[in-house]
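What follows is the residue order along each chain.
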Amino acid sequence: MTLASVLFYFFATIAVAGGVLMVTRKNPVHAVLFLVLNFAGVAGVYLVLNAQFIAVVQIIVYAGAIMVLFLFVIMLLKLGGEESVFARQPFVKTLSIVIAALIGAQLTYVFFFAAPDKGTMVDMETGVYPGTVKAIAETLYTKYLLPFEAVGFTLVAATVGALVIGKKKLED
Amino acid sequence: MLTLEHFLTLSAIMFALGVIGVLTRRNAIIVFMSVELMLNSANLAFVAFATKLGDPIGQVFVFFVMAIAAAEAAVGLAIMIAVFRNKKTVNIDEINILKW
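Chain order of the listed sequences is A and B.
All the letters of the first sequence, read from the start, carry residue numbers 193 to 364 under the working numbering.
All the letters of the second sequence, read from the start, carry residue numbers 149 to 248 under the working numbering.
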């Protein structure tokens, strides 16, 4: 096993364990913290894939900013743990797990047997590095400049919308 | 030897976990977090293909997905706060006023 394989299995195990524990925790705060663990594992997988910029953004934006937002809201709402973790009716629960297993199996099947152009990773053989800040910035600020501006506008709109929705109604 | 399938299988497993969370959990905030998990698995597939093809466009799209996920989380959590203020709960079994 090469070093890359060892690192991949290490980080993949962390990511899957974090995901499983996130879905099964009763206490929402514990669920958030396990989701942060999952994001950290996925950031490690990004590093194995030579995507340094995305790995750092994953930690700063997802594990840092978005999850802190979730934690703040959970603490503001003073939620207790749920009495039952999953849906009340066992029928709904079984059906949900069957549906999820079907979707996972279908995705795996498509990825394994129907994906074109599969096989070894180009990057690890030829030394092409698409994940550097330079490569991403050159694409982002030339070919995708208009979508980039649109995303900025969307973020402003979302911020204003969140403020308007979340604020207390003034007494009239 | 790592192949594209390794990364895509990890992505499929994470997506299935997110589906289980969305369909079975009753706490609306945990449903949101499961949606984030599914977005994250899509990001992983994007990055795997970007590395495979030696093309940064996939990673640019991951950047866009992250920005939209941040916007979605902000608006969604504001809606949660507004719902909690009115109904004193975020259990999605009890938030059924729009259910016909």
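There may be inaccurate statements among the hints.
Reference listing, derived: stretches of chain A covered by chain B, where coverage requires no fewer than 3 residues with Cβ under 8 Å from a Cβ of chain B [claimed, not checked]: (1) 198–210; (2) 216–228; (3) 234–248; (4) 261–270; (5) 288–302; (6) 323–329; (7) 345–354.
Since the hints were derived computationally from the structure, they do not count as laboratory data.
Where is the CB? At the ideal position from N, CA and C, for every residue including glycine.
Check: When the hints from earlier in the document are held up against this structure, which numbers fail?
Finding: none
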